[in-house]
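Asker: Line by line, the protein sequences give chains A and B. No gaps in the numbering here: position 244 of the first sequence is 244 in UniProt numbering, and each next residue is one more. No gaps in the numbering here: position 158 of the second sequence is 158 in UniProt numbering, and each next residue is one more.
Derived by calculation from the structure, the hints in this document are not laboratory data. Quantities reported herein were computed from a predicted structural model and do not represent experimental measurements. Do not rely on the hints blindly, as some may be mistaken.
[As the list claims (entries may be wrong)] In silico lysine to aspartate or glutamate, EDC-like type, Cα no more than 20 Å apart, as pairs:
id, chain 1, residue 1, chain 2, residue 2
1, A, K131, A, E217
2, A, K139, A, D160
3, A, K113, B, D57
4, A, K240, A, D26
5, A, K221, A, D115
6, A, K29, A, D237
7, A, K131, A, D142
8, B, K56, B, E387
9, B, K56, A, D232
10, A, K163, A, D142
11, A, K131, A, D208
12, B, K56, A, E94
13, B, K317, B, E306
14, A, K29, A, E94
15, B, K56, A, D111
16, A, K163, B, D81
17, A, K113, B, E387
18, A, K139, A, E217
19, B, K56, A, D115
20, A, K297, A, E260
21, A, K221, A, D160
22, A, K77, A, E94
23, B, K56, A, D109
24, A, K77, A, D49
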Amino acid sequence: MKKTVFFGALAAAGLTAGIASAATLDDVKARGVLNCGVNTGLVGFAAPDANGNWSGFDVALCKAVAAAVFGDPSKVKYVPTTGQTRFTALASGEVDVLVRNTTWTFSRDTDLKMDFAGVNYYDGQGFMVHKDSGITSAKELDGASVCIQTGTTTELNLADYFKANGMSYQPIAIDSNAEGEQQYIAGACDAYTTDASGLAATRAAFADPDNHIILPEIISKEPLGPAVRHGDSQWLDIVKWTLYALIAAEEYGVTSANVEELAKGTENPEVNRLLGVEGGLGAMTGLPNDWAVHAIKAGGNYGEIFAATIGESTPIGLARGLNAQWTQGGLLYAMPFR
Amino acid sequence: MTSVPDTPEPGFRLSQLIYDTRYRSLTIQVVVLFLVMAGAAWLVDNTIRNLNVLGKDFNFGFLGNRSGYDIAQHLIPYSNDSTHARAMLVGLLNTLWISFVGCITATVIGVFVGVMRLSPNWLVSRLMTAYVEVFRNIPLLLWILVAIALLTEVMPAPNAYRINPTTGEAQTSMILFDSVALTNRYTAIPSMEFLRSLGVVNTPFAPISLDVVAVLVLFAVSIWANRRFVGWANAVQAATGVRPTTWWKSLLILFAPVIVLLIALGFRLHEPTLQGFNFTGGTNVSNAFVALWAGLSLYTGAFIAEIVRAGILAVSKGQTEAAAALGMRSGRIMRLVILPQALRVIVPPLISQFLNLTKNSSLAIAVGYMDLRGTLGGITLNQTGRELECILLMMLIYLSISLVISGAMNLFNRKVRLKER
Ligand SMILES: N[C@@H](CCC(=O)N[C@@H](CS)C(=O)NCC(=O)O)C(=O)O
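So here's chain A without its partners, still in its complex pose:
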């Protein structure tokens, strides 16, 4: 008798077991809000202002995805994650998409069961030092104390780089960018290392940016991109094509200003398909046909977002470099909308 009751209980438990659902789009729609994993505060990429409104380059992608799904870019809940908590947050379903300066690597893609929807920023790891230290090259950092964020590709690259160059260093483990800034400013580390874009953003937030220099060496490839859980290709497609839509919009001259106008129909069939005037692409992935119009209206095309958040006219002052369109000698290349 005991056995049957036990198995009965087991079966009941099985029925009610909370299973991470595979259909993220349905979950998001049912919830009415997109949970977007961002970093804890890196001005330019994702940071809240005094009123708790998030803005930045990564945040703009969250908004675009929300706009594509709901037609409303404000339907996002931002979940701040540290280098250490981000993958667990994604795997456990706490966030639907992770847009947090996250490098696309083999093991993250395979073993950690994530899927990268593309690259929104091509980056590489660099070093920042105090100008008065007189250091001009990373090769002079032998014996230095270096601040690194734990749980990142950064700490692995750092170990490799110093070993390859026969140098030693003292790692100072930090948990968030804010903590790193504080330690670095206090002089507890000689150099701060992370993605070069992150360094530029961090430096721009200093009271005295001119007293800090970013060394010329870039020691790794850091393709940063949005990631989703492995196994839900519909959701992967949505995030991927929202990113492509922003990139293609720049390529074809669709901006937040003219998108409404162009959505009435243009001479260019590719633009028409992108904006849902023809082709019915949205329906193929479970979205309304004007999904891309909303996504582009949210914060503009890729170029507009870049210029407004991290571009050369902002304090962060990043040049397009590798992140220019393929037609401009960069690596941005949206797949055809067809």
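Chain B with the ligand: place on chain A using the hints.
Answerer: Frame of chain A; chain B with the ligand shown alone:
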């Protein structure tokens, strides 16, 4: 004629399971057992299903892979070529080390403060009360953060010790005869050096210095010899009523052999020097460690002080008065009469404070001290994505540490317990 039957009807009714006191407790136990089993089954089943959905397996193979990351504080040799298992071991040793020194200082502080709080001196007892209340009522994490902030903001950078070529002077200088440098990263202290060393035995776990082993063994022998000596003195006292002078002979027995050995081995302290960015040649005790140590000791010390005070107050006043009537001075009364009796009240709650300190040491994450939580439960977990395996392993290890500590303290408790015959 009606008769009232005074025995219940034969046969068994289901309601008896609840209303019959003979069966009720059994029923309850069986139901609870089922509920617990169902709960456990649900957890396991849920985990397995979700792992399946995510396409993840359950496998500890990653522990044998190259870790690829560096750890600043390691008590045994470690590099980024070592395995994740080794990184875990490094973290474990760091946890044990901080817990060990933390427990010792917390106990010293606690006993001192607990005793002083009962002092008849108004100022002293109030100061101790203030200490206890302040440290006990503010979260430990804040104390650790305060400590690290003080250390990083107040101490000079290693750079400040560099001699300026134009002025010929450094901004700051080392203390204690130029042997210790306080910096905003670490405290550089001298390291030990043996000029006529016996050598080092390399084991896979850690290299073992024969010099240190020799010194420790000799010291242990000295302690044993000293106990024999004190035993002899006690016997003489018991037989003749006169206690032979022991103190300088004890000191001689305890320390002379070790000092002679140290001289023979050519022992000296190697002072740290500033080279490039940092001090080298000595031992750098990181500020993360110091901050954590200070936070843990001061915080737990406040609790231990209360335990000690309670223990002392639990010894009846008559004991003090009787001892005083025998002509003992207050220090000896405390040491010989009160504390030994208070110990049996003190030890059981002390165990739980030690356990707390050990578990609280996982707050190391806040200051970047790489303990078990930082290596296995932090970087390894994150780089390999093996959340379940890492957390389970970590829980198992903390559980084992706690069981070992409470086992050892229970043995001690048995020793100091009041023996009733
Ligand atoms: N791209 C690297 C590093 C990512 C990273 O941690 N970046 C830092 C600096 S750019 C960051 O986003 N910090 C923000 C925060 O602490 O929340 C990775 O994916 O492992």
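Asker: Looking back at the hints listed earlier, which ones does the structure fail to meet?
Answerer: Going through the list in order, the structure violates no hint and respects every one.
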